[in-house]
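Colleague: Listed here are the chains, written in short residue letters.
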Amino acid sequence: MSGATFLQNLFNGLMFGGLYALLAVGYTMVYGILRLINFAHGDIMMMGVYFAFYASLAGAPLWLSVLIGIFGAAFLGFLIDRVAYKPLRNAPRISALITAIGMSFFLESIAVVVFGAVPKSFTAVFNENNKWLLDKTWNIGGARIPVLTFIVFLITALIFMLLFWIVYRTKIGMAMRAISSDIPTTSLMGINVDMVIGFTFALGSAMAAAGGIMWAMRYPNVFPYMGFMPGLKAFIAAVLGGIGSIPGAVVGGFLLGLLEIFLVALMPSAAGYRDAFAFIILIVILLIKPDGLLGKKSVVKV
Amino acid sequence: MQKQNDIVLEIKNLNIFYGAIHAVKGISIKVPKGKIVTLIGANGAGKTSTLSAIAGMVKPKEGEIIYKNNNIAGKSPHEINRMGIALVPEGRRIFPNLTVYENLMMGAFNRKDKEEIERDLNWVYNLFPRLKERLKQLGGTLSGGEQQMLAISRALMSRPDVIMMDEPSLGLAPVLVSEVFDIIKVINENGGTILLVEQNAAQALKISHYGYVLETGNIILENNSDLLLKDENVQKAYLGMA
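So the sequence lines, in the order shown, correspond to chains V and Z.
Quick note: the first sequence uses this note's numbering, first residue 1, plus one each step.
Quick note: the second sequence uses this note's numbering, first residue 1, plus one each step.
Isolated chain V, as found in the complex (with noise of 0.2 Å):
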């Protein structure tokens, strides 16, 4: 590989790995409260991206288009806890596993019957004065590299660097780790546990669209079916990096992407095995460290 096609790669697979780490994290912050996998999260990603779409040929400017997709899906995500998951709070996990298939399935019918089943072209969010972003490309040791690449990588950052100030460094983020480890605690604190809950569905449900919206822009195929295989590769990347640890899920999903880039370009006819690839990393982590890179070893509770 020379030089400039090993920096094409890594850029490449440092952005897609952003992408699944912006979704990752979503996943992993609704398991490490609950204890659920939200199967609906790439669906939720995808909502935002429609939002996004039509806020554009509604005629809003691209920035306010973006941030309608990613509020709307913060509230979209906000909902769906209240009204699917919240009655479930004390029911057996398996009962709120199907109901987030279930959230799954309904999302993406009620996208096919509201957007159309046929796939919508996110350029149409660009016009004469953002059309560079698609255009333009940087020279760098070589290679060429679209400039929304290194855009997209610097959003992804900053926006990391927002969700750790959130959890580290304020109020609600005490109370969300707080209630990651005991909620009824939580509540004698006179906390009020569903409004922090809620909060996590809506701060994650935001990430993913972000992360939604961005893809769209590099890859601009809007389809009701679009975060399903996304879900599951955040998904993986979250296991990856141990789910539960946000940490984890950032690492996760940087290596996901990285892997599955490198895997392609180093075995160019290996390149329809790209999603299998991800799933053979998911089996082979499960086998000998189900934990994740980062995760805290499980102890079981009597």
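Keep in mind that the hints were calculated from the coordinates and are not lab data.
Some hints here could point you the wrong way.
To be verified - Mimicking DMTMM-like on lysine to aspartate or glutamate, the simulated pairs with C-alpha atoms at most 25 Å apart in a straight line are: (1) Z:206 / Z:182; (2) Z:68 / Z:6; (3) V:86 / Z:79; (4) Z:68 / Z:79; (5) V:171 / Z:116; (6) Z:75 / V:194; (7) V:171 / Z:115; (8) Z:30 / Z:189; (9) Z:206 / Z:133; (10) Z:59 / V:275; (11) V:171 / Z:79; (12) V:171 / Z:118; (13) Z:112 / Z:79; (14) Z:59 / V:182; (15) Z:112 / V:194; (16) V:171 / Z:6; (17) V:296 / Z:102; (18) Z:75 / V:128; (19) V:171 / Z:102; (20) Z:132 / Z:179; (21) Z:61 / Z:215; (22) Z:61 / V:194; (23) Z:59 / Z:120; (24) Z:136 / V:194; (25) Z:114 / Z:161; (26) Z:112 / V:291; (27) Z:132 / Z:182; (28) V:171 / Z:161; (29) V:171 / Z:189; (30) Z:132 / Z:120; (31) Z:112 / Z:90; (32) Z:59 / Z:90; (33) Z:132 / V:182; (34) V:171 / Z:113.
This one's a predicted model, so the numbers in the text were calculated from it and none came from an experiment.
Please build the complex by placing chain Z on the supplied structure of chain V, with the hints as guidance.
Modeller: Relative to the frame of chain V, chain Z by itself:
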């Protein structure tokens, strides 16, 4: 005897069921302002259930919990805490993944009065100098005794009108047991109203003003603590005297 207008917390005819099990069978308790009231009794007598109902963790089937002239029975735990009732739960329930300082601030979560929070922090450091040395340590790394002190401090940080403590001496070394009871006394001398649940009946009665004896969900005896200490039945059943 207890004067009616001094009562901060009054429980009337409390009934608690777990499924078909009738755990608390119509008990009534009065907690006067500035006093220590203790509930003693064996395992399964309904002590923890009673505290859980007051804190909002368990919904009573019947009965009233009157706090400052409001019936708070059936309210959620966070509402009850915000009204001024704090619980030091059984088994301490420290947040192991939060630092000692963060655990303390969890207690003060709904307070906005920064200077007063600072004052209460200093008071707590004064009560438990060992906590001050460990502020940056994770709660889970503390010893059992330190965790109990942190749990009490965390409850104090909400500046509650009533503190309920569920078995604060359980599982501690004898030296620490006396220390915990001394601290409870100090908190009371600083104006704290305390509802204490204990299996260590002798120590609990020694520091408290009034006591109730629970047996299988019923109050079988109540009196001033010094009189309960001298009661023949109490001595036999709970103080290990023949």
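Colleague: Look at each hint and say if it fits the structure.
Modeller: How the hints compare with the structure:
no. : hint          : result
1   : Z:206 / Z:182 : holds (11 Å)
2   : Z:68 / Z:6    : holds (10 Å)
3   : V:86 / Z:79   : holds (19 Å)
4   : Z:68 / Z:79   : holds (14 Å)
5   : V:171 / Z:116 : holds (18 Å)
6   : Z:75 / V:194  : holds (15 Å)
7   : V:171 / Z:115 : holds (17 Å)
8   : Z:30 / Z:189  : holds (19 Å)
9   : Z:206 / Z:133 : violated (31 Å)
10  : Z:59 / V:275  : violated (50 Å)
11  : V:171 / Z:79  : holds (18 Å)
12  : V:171 / Z:118 : holds (16 Å)
13  : Z:112 / Z:79  : holds (17 Å)
14  : Z:59 / V:182  : holds (20 Å)
15  : Z:112 / V:194 : holds (21 Å)
16  : V:171 / Z:6   : violated (36 Å)
17  : V:296 / Z:102 : holds (21 Å)
18  : Z:75 / V:128  : violated (58 Å)
19  : V:171 / Z:102 : holds (9 Å)
20  : Z:132 / Z:179 : holds (17 Å)
21  : Z:61 / Z:215  : holds (19 Å)
22  : Z:61 / V:194  : holds (24 Å)
23  : Z:59 / Z:120  : violated (32 Å)
24  : Z:136 / V:194 : violated (28 Å)
25  : Z:114 / Z:161 : holds (19 Å)
26  : Z:112 / V:291 : violated (39 Å)
27  : Z:132 / Z:182 : holds (19 Å)
28  : V:171 / Z:161 : holds (24 Å)
29  : V:171 / Z:189 : violated (32 Å)
30  : Z:132 / Z:120 : holds (13 Å)
31  : Z:112 / Z:90  : violated (28 Å)
32  : Z:59 / Z:90   : holds (18 Å)
33  : Z:132 / V:182 : holds (24 Å)
34  : V:171 / Z:113 : holds (15 Å)
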